[in-house]
Each structure stands twice: as structure tokens, then as C-alpha cells.
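Chemist: Sequence:
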Amino acid sequence: MHYISDAADGATHPCYRHQDTVGVVLEMTPSEPSTTYRVSRTPRSDHSDGDEQHEQSPSGRRRGDDDDTNRSTVRHTKRQQERMQKLQQLESIASTLDDWKADVSQAATAFAAQVRDSMLFKLLHQDSSDNLLPWDLDAIENAKKRLLRHVVMRLIVLLKWRAFGLRMYCEQLLMHGLLLLTFTVSLVIGFGIDTATSAELDQVLIGWLYKAVCACIVLIVGGGTITGLLLKYDDVQPLCISTATINTTMDGEDKKGRFSERFVALNNALLGLSALYFCVFESREFAADMLDDDEPRGFVHRGLRALRYMLTSTFALLKGGKPTPYLESYWNRIQLPTFFLILIYVVCEFTAPFSATMRVYAGIPALFLVWVMSVSYLEVIPAVGYLLPMMRRMLADVFRYLAFYFPIQCAYTCAYYLLFKSQGYYLKPYEPDQTFFDKFSQSLGSVFPGTNNETEATFALLAILKNKDPNEMFKGYESVPKSFLTTYLVTFAQINMEPFEQLGTTASSVLGYFLVLTHATIVIVMLLNVLIAMLNKTMGAHMDEAKLEACVTFAECVLRMEKTSATSKQRGVTCNAVEVGRLFHDLLRADANEKNEDSAVLRAIATISSTVESIQKHAKKA
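Quick note: the sequence shown uses UniProt numbering, first residue 1, plus one each step.
Mixed in with the good hints there might be a few duds.
[Unchecked claim] Simulated pairs of lysine-lysine, BS3-like, Cα-Cα distance not exceeding 30 Å:
{"hint": "1", "residue 1": "Lys101", "residue 2": "Lys122"}
{"hint": "2", "residue 1": "Lys122", "residue 2": "Lys547"}
{"hint": "3", "residue 1": "Lys101", "residue 2": "Lys547"}
{"hint": "4", "residue 1": "Lys547", "residue 2": "Lys86"}
{"hint": "5", "residue 1": "Lys78", "residue 2": "Lys101"}
{"hint": "6", "residue 1": "Lys547", "residue 2": "Lys617"}
{"hint": "7", "residue 1": "Lys319", "residue 2": "Lys78"}
Note that these hints are calculated values from the structure, not bench results.
Given the structure is predicted, the values throughout are model-derived calculations rather than measurements.
Taking the hints into account, I'd like the entire structure generated from these sequences.
Modeler: Below you can see the structure in the form of C-alpha cells.
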């Protein structure tokens with residue numbers, strides 16, 4: 001084995017081999033990034049001494065091996081080259097940010113760059129390469145996160161947020177509220193369209209009429225203008241009057257029915273416009289990752305090219321390929337399909353190809369996802385923004401817990417089902433309490449004076465009243481799915497002891513109580529405490545990292561807004577130098593205060609530690 005290195009002669013280096021599609025390639029040592037190793041594909045010996053017999057110089061050997069079919073592989077590994085290239089790019093960005101720190105007015109030049117060429121785009125999106133190993137990607141991502149915490153980078157993000165991010169965020173927030181409102185109302189009145197005079201639909205209409213916020217949202221997004229052009233003003237006006245009622249604004253059942261039908265149509269129209277708005281927004285964000293075409297094309301050509309790009313990227317992801325920058329986010333993977341599903345729902349509401357029940361059942365999952373997506377709007381709030389990345393880690397802990405909990409859940413489900421299924425219709429004989437039996441006989445005689453109050457007849461009546469219907473025996477364990485649900489509810493201390501009291505034999509009773517006691521002990525006492533400990537450890541270990549992730553999520557929010565807005569050099573030109581300087585100094589003061597607070601906490605901890613040590617020393621001496 002030979003190696004070529006810039007190190008001094010006589011130095012030894014450990015090397016590790018692995019087989020790839022070319023041959024045997026030796027990885028470079030971490031401390032020697034410039035080392036190139038040379039190994040023959042068919043070595044004659046495992047020792048390097050045998051290779052010393054060659055008299056040819058290293059350069060001559062390399063030239064001779066180029067003409068040999070069994071030549072050696074002499075090269076830097078692609079992984080190291082790509083990793084060094086990525087890190088050099090990040091060093092270049094860091095150098096630029098340091099230069100701008102001396103003159104923050106240069107930060108305005110960040111607005112002039114296209115989205116794909118901006119620093120924010122390069123720092124937020126992953127480096128997809130088959131040659132980079134997971135730890136290489138982690139090192140690159142950590143370097144990017146540190147750059148995002150750079151004071152100049154945070155200044156650029158804040159300037160973009162003030163320039164266009166806040167306006168677009170408020171616009172999307174209002175549109176999302178309108179989407180939630182109209183979609184929820186559409187599903188609520190889905191079963192009452194044919195009965196326009198029903199009390200349920202009247203309650204929905206009154207709820208709209210008394211909520212001035214709903215009318216404000218409609219007016220803000222332009223819905224009032226659109227409906228005013230398409231419909232009569234006299235029919236739209238009651239929707240904007242918060243104190244109006246159906247009885248005072250409508251005369252007669254015919255007008256009331258027409259108003260209800262128009263109300264449903266107006267609600268579905270606003271729902272469709274809101275869903276279309278988000279479909280266009282998400283499509284523009286998706287298409288922003290596409291490389292620009294050198295030749296100027298028309299609008300139709302660009303639209304078809306963007307559609308092809310979105311379809312090919314989605315299919316590539318489904319086949320296990322590298323995700324595009326848009327598809328790196330799990331939120332984006334569910335948003336665009338959900339909004340398209342809502343559009344299909346609106347079309348079905350107007351055309352009615354399916355029954356109302358089918359439309360409502362199809363809309364329930366979409367409504368659930370829309371409500372869940374509302375959480376993503378909290379990422380810009382500093383007080384709770386860091387909890388979003390923390391929730392992802394906690395969900396990972398929950399899934400790991402479920403992987404351990406699921407076998408135990410299935411074991412007890414089968415045990416309970418087999419235990420109660422083996423009993424058939426045999427129940428434990430009824431044995432009433434003597435005091436209760438006497439009071440029941442006395443009450444029965446007073447209510448029905450002529451009835452037979454003999455002991456056997458009264459006992460038979462109590463047995464009939466006490467014993468369950470055979471179809472309702474062992475309720476909760478009649479089938480495997482019901483047994484699974486009942487067993488799962490034991491985790492939350494929902495334990496029904498009545499089925500165990502109906503077991504007929506002593507052996508079955510002992511086995512049943514043994515199962516329920518061990519089940520409650522394992523699940524409630526042990527596993528739940530394990531889950532709480534896992535979540536507590538995750539919260540404590542990743543709190544600082546979650547705060548760093550909050551900065552990343554805020555920057556991602558700004559980048560999404562930038563992708564869907566028209567970039568221009570005017571934004572950088574119109575930036576007020578005085579305002580930029582003030583914001584920069586505010587960030588510096590905030591960092592200084594944070595460091596002072598951390599230092600104060602560390603000093604307090606050191607003081608407490610020294611005090612505890614001194615107390616322990618005095619206690620030992622005493």
C-alpha cells in the first residue's frame with residue numbers, strides 16, 4: 001500500500017477500506033483532508049512491505065497504471081470533496097456577513113438577489129447528494145444554523161419580514177380564518193340543505209348574523225365586493241348587520257327559503273375562493289424552486305413547465321428520491337393536497353354528484369387537517385414558536401413509546417377476549433344482600449298488595465332484573481375491536497369492573513382479576529411513567545436547541561413569503577439606513593442582555609455549589 005501526503009516522512013496514518021462500484025477506496029483521515037491513498041485492486045499481500053519492491057517513482061507508477069486495465073484507484077473521495085466544497089461555501093457566506101457587520105447598510109443588497117441565489121435560500125434548504133453521509137449532512141446543517149444566528153443574518157430576516165413578510169402573513173392568516181369558518185359552516189349545514197326552514201339551519205344563520213367578526217373577514221378579503229356585484233345588495237345586506245334576525249329581515253317562508261339557499265351558495269363560493277387562493281399560493285411556492293428558463297416564454301408555457309416540475313418532483317419523492325426544497329417541509333406535503341381536496345369538495349357541493357353524507361364524510365378529514373395546519377401560524381410568535389420543533393421531538397418519543405406499548409396492548413386484548421368468550425352465556429349465580437332483599441320485598445308488597453311475596457318468587461324476580469340480556473353480556477369485550485378499545489382505555493384509568501363480577505367460576509374470576517391488576521400496574525404505573533420521563537428528558541435536553549430551531553422556523557416563514565412575492569432591487573434601495581442601524585443595535589443589545597443573563601445564572605449556580613460544598617465540609621468536620 002502506498003499513500004501520497006503532505007505530511008512529513010515517516011508519519012503513519014490509519015486507513016479504512018470499503019467496497020464501492022469502482023473498486024477498493026480508502027477514506028482519508030479526518031486530520032489529513034489532503035491525503036490521497038492508493039491501493040491496488042488485486043493486492044499481492046496484506047502488508048505494505050511487498051509494495052516497496054517496485055523501483056518506479058510515484059509519478060511514473062501513476063502514468064503507467066493509466067494504461068493498465070488492472071490499475072489502482074488514485075483519487076480524493078467524492079464525499080470529502082463535496083463536504084469541503086459545502087463548508088467553503090458556508091465560510092464564504094460567513095465572511096460576507098462579517099464584512100457587512102462593519103457596515104450594516106450593505107445588508108440591503110440582500111434584497112436584490114433572486115430567491116434561489118439568496119443567502120436565506122442557501123442556508124435553509126438541505127444539500128441533497130448521494131455522496132454525503134448522514135454525519136456530513138449533520139455537520140453542514142449545524143454550520144448553517146450557526147450562520148442563521150449571526151446578527152447580520154437575523155437583521156436581513158427582520159428587514160424582509162418588515163418589508164413584505166408581515167403583510168403577507170396577516171393576509172394568509174385572515175384567509176385561513178375565512179377558510180376554516182366557511183368550511184366548518186359548509187359541513188355543519190351539509191345535511192340541512194334540502195330543509196331550508198329547519199331549526200338547525202336557522203341557528204347557523206343566526207350565528208353568522210350575530211358575529212360581526214365574520215362579516216369583517218369577508219370585507220377584508222374582498223368577498224363583500226364580489227358578492228355585491230353578483231347578487232342584489234338587499235340580499236347581502238342582512239349578512240353584514242349583526243343585530244338582524246331572520247324574522248325581521250325576511251317576509252314569508254318563500255323568501256326565507258331563497259335566502260337560505262343563497263346563503264349556502266355564498267358560503268360555498270367563499271370556501272372555493274379561499275381554497276383557490278391557497279392552491280395558487282402553494283403552487284407559486286412550489287414552482288419557485290424550479291430553475292429559471294434562459295429563453296423568455298409565455299405565461300402558458302411557464303405554467304405547463306411548472307406543472308410538469310411539480311408532478312415529476314412529487315413522483316420522484318414517492319419513489320424514494322431526494323425531495324425538492326418545497327417538499328422538504330412536512331407541512332408542505334399535506335397542505336397542497338388538502339387545499340385541492342377542498343376545491344373538489346366545493347365542486348361536488350355545486351354539482352352534487354355524490355350524496356350529502358358522502359360529501360360530509362370526505363370533508364371531515366380535510367377539515368381536521370386544516371385545523372391542524374393552523375398551528376403552523378404560531379411559528380412567528382417568539383413566546384411559543386420554539387415549542388413547534390419541540391413537539392416534533394416529543395411526537396418521536398410518543399411513537400417510540402407506542403412501539404413498546406403495542407405488543408402489551410395486543411397481548412391483553414387477546415387475553416380479555418378469550419377469557420370472556422370462553423364463558424359463553426354462563427354467569428355467576430345471583431346472590432342478593434339480605435338487607436336489600438328484605439327492603440325490596442317490603443316495597444314490592446306495598447306497591448302491589450296482591451302479589452306473591454314468597455322468598456323464591458322474589459328471588460327469581462331479582463335474578464331476572466339483575467342478570468344481563470345475553471346479547472349484552474360482558475359489555476366491552478364482545479369482539480376483538482371492542483376488546484382492543486376497552487383495553488386501551490385502561491391506560492387512562494377507565495376500568496369497568498362489572499364484566500369481571502359476572503364471571504361464573506372461581507378460576508375465571510381469579511384469572512380475570514389477575515389480568516386487570518397486572519394490566520393496570522404495567523400500563524398506568526410503569527409505562528406511563530416511562531413516557532413522562534422520556535418527554536421530560538427531551539424537554540430538558542433540547543430546550544436550547546429548540547430555541548435555535550425557532551429562529552430557523554421564523555426564517556423559513558419569511559422565505560416562503562419571499563418565494564411568492566416579486567423580488568426587486570427597490571426594496572433594498574428604499575431601506576432607511578437610520579432604521580437599519582437602529583434595528584442592528586437593538587439586536588446587539590438583545591444579545592448582550594441575553595449573555596449577561598446567562599452569565600448571572602452561571603454565577604448563581606457556582607455560588608450555590610460552593611455554598612453546598614462548604615456546608616458539606618462543615619458537616620463532615622462536625
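Chemist: Each hint should be assessed against the structure and marked as holding or not.
Modeler: Results of checking the hints against the structure:
no.: 1; hint: Lys101 / Lys122; verdict: holds, 19 Å
no.: 2; hint: Lys122 / Lys547; verdict: holds, 21 Å
no.: 3; hint: Lys101 / Lys547; verdict: holds, 23 Å
no.: 4; hint: Lys547 / Lys86; verdict: holds, 25 Å
no.: 5; hint: Lys78 / Lys101; verdict: violated, 35 Å
no.: 6; hint: Lys547 / Lys617; verdict: violated, 39 Å
no.: 7; hint: Lys319 / Lys78; verdict: holds, 25 Å
Violated hints, in rising order: 5, 6; the structure is consistent with all others.
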